[in-house]
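For the protein sequence lines, the chains are S and P, in the order given.
Each residue of the first sequence is one higher than the one before, counting from 1 in the UniProt record's numbering.
Each residue of the second sequence is one higher than the one before, counting from 1 in the UniProt record's numbering.
To be clear, the hints were calculated from the coordinates, so they are not data collected in a lab.
Among these hints, one or two may not hold up.
[Said to hold, decoys possible] Negatives, chain P to chain S, calculated, CB over 10 Å: (1) Asp-185; (2) Leu-190; (3) Glu-191; (4) Glu-295; (5) Lys-304; (6) Asn-313; (7) Gly-401; (8) Ala-418.
[To be verified] With a cut-off of at most 25 Å between alpha-carbon atoms, the simulated DSS-like pairs for lysine-lysine come out as follows: (9) Lys-229/P - Lys-287/S; (10) Lys-102/P - Lys-151/S; (11) Lys-177/S - Lys-83/S; (12) Lys-77/P - Lys-17/S; (13) Lys-85/P - Lys-53/S; (14) Lys-151/S - Lys-48/P; (15) Lys-251/P - Lys-348/P; (16) Lys-287/S - Lys-165/P; (17) Lys-163/S - Lys-151/S; (18) Lys-54/P - Lys-297/P; (19) Lys-52/S - Lys-425/P; (20) Lys-17/S - Lys-304/P; (21) Lys-48/P - Lys-287/S; (22) Lys-323/S - Lys-211/S; (23) Lys-85/P - Lys-68/P; (24) Lys-251/P - Lys-195/P; (25) Lys-53/S - Lys-54/P; (26) Lys-233/S - Lys-337/S; (27) Lys-359/P - Lys-117/P; (28) Lys-359/P - Lys-52/S; (29) Lys-287/S - Lys-399/P; (30) Lys-287/S - Lys-47/P; (31) Lys-83/S - Lys-211/S; (32) Lys-304/P - Lys-53/P; (33) Lys-151/S - Lys-287/S; (34) Lys-304/P - Lys-358/P; (35) Lys-102/P - Lys-17/S; (36) Lys-367/S - Lys-337/S; (37) Lys-425/P - Lys-287/S.
For each residue, glycine too, the CB sits at the ideal point set by N, CA and C.
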Amino acid sequence: MSIFSEVPQAPPVAVFKLTADFREDSHPQKVNLGVGAYRTDECQPWVLPVVKKVERLIVEDSSLNHEYLPILGLPEFRSASSKVALGDDSPAIKENRVGAVQALGGTGALRIGGEFLRRWYNGTNNTATPIYVSAPTWENHNAVFADAGFKDIRPYHYWDGAKKGLDISGLLDDLEKAPEASVFVLHACAHNPTGTDPTQDEWKQIAEVMKRRNLFVFFDSAYQGFASGSLDKDAWAIRYFVSEGFELFVAQSFSKNFGLYNERVGNLTVVAKDNENLTRILSQMEKIVRTTWSNPPSQGARIVSKTLNCPELFAEWYVGNVKTMADRVLLMRDQLKAKLQALGTPGTWDHITQQIGMFSFTGLNPKQVEYMIKEKHVYLMASGRINMCGLTSKNIDYVAQSIHDTVTSVQ
Amino acid sequence: TGRVEVPAFISSLQHLITTPSCPFSSWWGGVQMGPPDPILGVSEAFKKDSNPKKMNLGVGAYRDDQGKPFVLSCVRKAEALISAKQMDKEYLGITGLADFNKSCAKLALGADSEVLKSGRNITVQTISGTGSLRIGANFLSRFHGGPRDVYLPKPSWGNHTPIFKDAGMTLKAYRYYDPATCGFDHSGALEDISKIPEQSVIMLHACAHNPTGVDPRPEQWKEISDLVKKRNLLVFFDMAYQGFASGDIDKDAWAVRYFIEQGHNIVLSQSFAKNMGLYGERVGGFTVVCNDAEEAKRVESQLKILIRPIYSNPPMNGARIASTILNTPELYSVWLGEVHGMANRIIKMREQLEAGLKKEGSTRDWQHVIDQIGMFCFTGLKPEQVERLTKEFSVYMTKDGRISMAGVTSGNVGYLAAGIHAVTK
């Protein structure tokens with residue numbers, strides 16, 4: 001009799017199942033618009049040229065070894081990453097009240113931040129503090145905070161399906177009604193899955209309510225640079241909140257903007273009131289890290305650190321590679337909208353170019369999504385989310401036609 | 001204009017003066033200062049010491065005879081091979097690199113293991129040994145229907161306790177180290193294990209026990225296995241030093257393989273930090289030996305659900321290196337030689353330390369220095385003696401008297417012997 005005989009089969013993670021199904025499909029025109037990873041116009045993964053260059057430097061450097069990093073990670077990586085988020089001339093950095101925890105991807109940064117909040121925020125071990133995530137949000141947000149111990153995870157209004165845009169009044173209303181000290185997970189830019197971001201004015205309104213109602217700001221920043229092509233523009237909301245005096249967390253990912261998906265490069269930036277608070281916070285972060293992974297992996301952090309800390313490499317990364325990716329996505333957005341309009345596809349398609357980042361919430365309903373997959377072999381999430389990076393000059397006509405056929409055949 | 005001097009009385013009011021750009025009171029006033037990690041804290045203190053003769057015998061990271069970190073040549077060769085392949089950086093699956101998982105299991109269980117043939121294990125890539133233990137602890141916490149108690153040997157690796165605690169388990173202990181003999185307390189262990197409630201979890205160090213270096217002999221392992229079976233306990237093996245203990249990877253995995261042969265469906269954590277020198281790349285594996293392949297699939301699905309909200313999927317670099325070594329015959333045999341070499345240097349240092357203590361004129365029995373195995377030696381030094389050794393000789397070690405033999409070289413073993421003799425005579 002096994003101790004594990006009662007272990008139930010868990011459902012697969014949807015986004016990975018989609019890719020698995022796609023792989024098994026033999027249809028010659030199949031298109032994968034599921035998983036959020038960048039693709040070239042040949043629909044290939046892209047290792048950034050600057051990353052290749054830096055990796056070679058690392059392999060050839062015989063003075064480097066594989067010793068443990070400190071618990072909180074590679075110091076040069078942490079400081080450079082926080083600078084990327086907050087800006088080189090951030091007053092908070094100058095005042096020595098910004099710290100960071102190198103983490104395994106954006107997921108790891110969220111989890112360490114969540115574990116810390118559960119232990120030390122709003123009392124000690126207060127599992128009842130409400131955690132608000134956008135409706136919809138990246139599906140893993142719920143599990144991250146639930147597994148960190150929080151019992152009350154709630155949605156806040158975000159996507160307005162009718163107008164295909166941000167439900168700002170619903171959002172502000174939720175902020176007004178949230179219990180004091182509630183935690184709000186905000187997408188810094190390129191909202192996943194909707195691609196819909198607040199305007200600067202809307203961010204200001206959000207900040208005003210959050211300050212007044214004493215709500216905690218936890219930014220999820222997975223696409224800085226990737227959204228608009230500008231690091232500063234994509235970090236505007238974060239920097240605005242910091243300038244408004246908020247203490248906050250930022251979970252940063254370098255998976256997309258460095259194309260370092262499988263090296264798990266992330267950073268939890270902590271902005272505290274002062275250095276004294278920061279020191280105590282980081283000491284507790286260490287304890288959490290020690291029982292989770294002891295110390296973070298070295299390779300990805302070295303690559304990012306070398307790049308960010310060397311002006312020529314930084315320029316090659318930012319002006320060269322990041323711009324390439326952002327521009328291609330923008331081009332696909334323009335072209336998809338143009339083709340749908342040219343086809344006379346029912347509905348309005350402005351949201352495709354108004355939305356930003358890797359993803360677009362097409363507005364297709366579950367039945368239409370099923371039709372797209374089964375009849376057209378175009379794979380997208382049940383929510384109607386597509387990854388713009390899956391579009392290429394070669395498949396965009398087929399995808400546009402498929403959307404057109406779907407919308408006209410299935411209601 | 002010069003620098004503005006801040007009078008002392010104003011400094012004392014600093015906490016009332018708001019930071020210019022953050023005028024509000026902090027959320028974090030109640031956050032206590034965490035204590036420094038006892039093991040890693042030793043390295044911090046060592047770094048600050050300016051004594052040229054200082055020795056860091058704290059962290060268990062291997063050093064060569066010049067006291068330098070050692071990058072294995074099989075690792076460098078593997079890295080060159082990998083670099084030439086120019087692979088992409090796409091996400092691994094949640095359970096990691098399949099080739100790594102297979103060869104990781106094969107290394108532990110043996111190529112002709114019935115478990116592998118029947119596919120009744122699930123092995124997932126983890127963030128080195130710590131990550132593996134944590135996944136295991138989380139899995140047990142969520143799915144183990146038995147008592148929440150995990151029985152650790154006394155003493156055990158310091159991080160075991162907080163890992164299991166954070167996963168929601170409770171910790172108990174069974175006797176293991178006998179301070180009188182500096183050896184294994186066989187009767188004490190059996191007596192304690194015989195009282196462990198059924199279905200509890202028992203943690204066993206597969207080889208090179210950390211921190212004591214004391215391992216049971218094969219006939220003692222057999223008795224433990226019989227008793228554990230009788231008590232119907234769930235065995236959690238921690239194997240962080242396969243190859244590192246005796247120099248022979250099969251010999252070091254003997255206990256794990258024996259228990260499986262005896263019918264225990266174990267869970268197992270493996271680390272490649274030490275035996276491949278891949279410390280900072282975070283390479284490890286977690287294995288659950290199940291009843292059959294169907295159960296293994298169910299367990300795998302639940303491990304994925306646990307892993308995804310921690311870090312989504314594991315890092316590629318180290319696993320790719322390890323997998324290349326394990327799956328390329330020429331590199332594999334180079335690796336076996338290098339592991340053997342590392343273990344041998346440690347064994348030699350043990351012999352030289354024991355001889356050095358004799359030479360100093362110590363009348364104490366230091367046989368345990370030679371009898372213990374693996375990276376660590378439980379010297380038997382008391383906290384006050386450790387403190388003297390650190391303060392007077394700049395020899396850094398943990399308070400429990402544990403030294404990492406890896407930090408000992410032919411150049412400094414004499415100095416160490418002199419220091420230990422000085423504080424124990």
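Hints versus structure:
1. Asp-185: holds (28 Å)
2. Leu-190: holds (23 Å)
3. Glu-191: holds (25 Å)
4. Glu-295: At about 6 Å from chain S, Glu-295/P fails to clear the 10 Å cut-off, so the statement is violated.
5. Lys-304: violated (7 Å)
6. Asn-313: With a cut-off of 10 Å, Asn-313/P comes too close to chain S, as the shortest Cβ separation is near 7 Å.
7. Gly-401: holds (22 Å)
8. Ala-418: The claim holds: Ala-418/P sits with its nearest Cβ about 29 Å from chain S, beyond 10 Å.
9. Lys-229/P - Lys-287/S: Violated. Lys-229/P to Lys-287/S sits at ~35 Å, over the 25 Å cutoff.
10. Lys-102/P - Lys-151/S: violated (37 Å)
11. Lys-177/S - Lys-83/S: Cα-Cα ~34 Å, so violated.
12. Lys-77/P - Lys-17/S: violated (36 Å)
13. Lys-85/P - Lys-53/S: holds (14 Å)
14. Lys-151/S - Lys-48/P: violated (44 Å)
15. Lys-251/P - Lys-348/P: holds (19 Å)
16. Lys-287/S - Lys-165/P: holds (12 Å)
17. Lys-163/S - Lys-151/S: violated (32 Å)
18. Lys-54/P - Lys-297/P: Answer violated: Lys-54/P to Lys-297/P is near 52 Å, above 25 Å.
19. Lys-52/S - Lys-425/P: violated (58 Å)
20. Lys-17/S - Lys-304/P: holds (13 Å)
21. Lys-48/P - Lys-287/S: holds (22 Å)
22. Lys-323/S - Lys-211/S: violated (35 Å)
23. Lys-85/P - Lys-68/P: Violated, at about 30 Å.
24. Lys-251/P - Lys-195/P: Distance of about 30 Å is beyond 25 Å: violated.
25. Lys-53/S - Lys-54/P: violated (39 Å)
26. Lys-233/S - Lys-337/S: Judged against 25 Å, a Cα distance of about 24 Å means the pair holds.
27. Lys-359/P - Lys-117/P: With a Cα-Cα distance of about 54 Å, the restraint between Lys-359/P and Lys-117/P is violated, given a limit of 25 Å.
28. Lys-359/P - Lys-52/S: Distance ~55 Å between Lys-359/P and Lys-52/S Cα, so the pair is violated.
29. Lys-287/S - Lys-399/P: holds (19 Å)
30. Lys-287/S - Lys-47/P: holds (21 Å)
31. Lys-83/S - Lys-211/S: holds (24 Å)
32. Lys-304/P - Lys-53/P: violated (49 Å)
33. Lys-151/S - Lys-287/S: holds (22 Å)
34. Lys-304/P - Lys-358/P: violated (54 Å)
35. Lys-102/P - Lys-17/S: Holds: Lys-102/P and Lys-17/S sit about 22 Å apart, inside 25 Å.
36. Lys-367/S - Lys-337/S: Answer holds: Lys-367/S to Lys-337/S is near 22 Å, not above 25 Å.
37. Lys-425/P - Lys-287/S: With Cα atoms ~38 Å apart, Lys-425/P and Lys-287/S exceed 25 Å; violated.
In summary, the structure is inconsistent with hints 4, 5, 6, 9, 10, 11, 12, 14, 17, 18, 19, 22, 23, 24, 25, 27, 28, 32, 34, 37 from the numbered list given earlier, while agreeing with the others.
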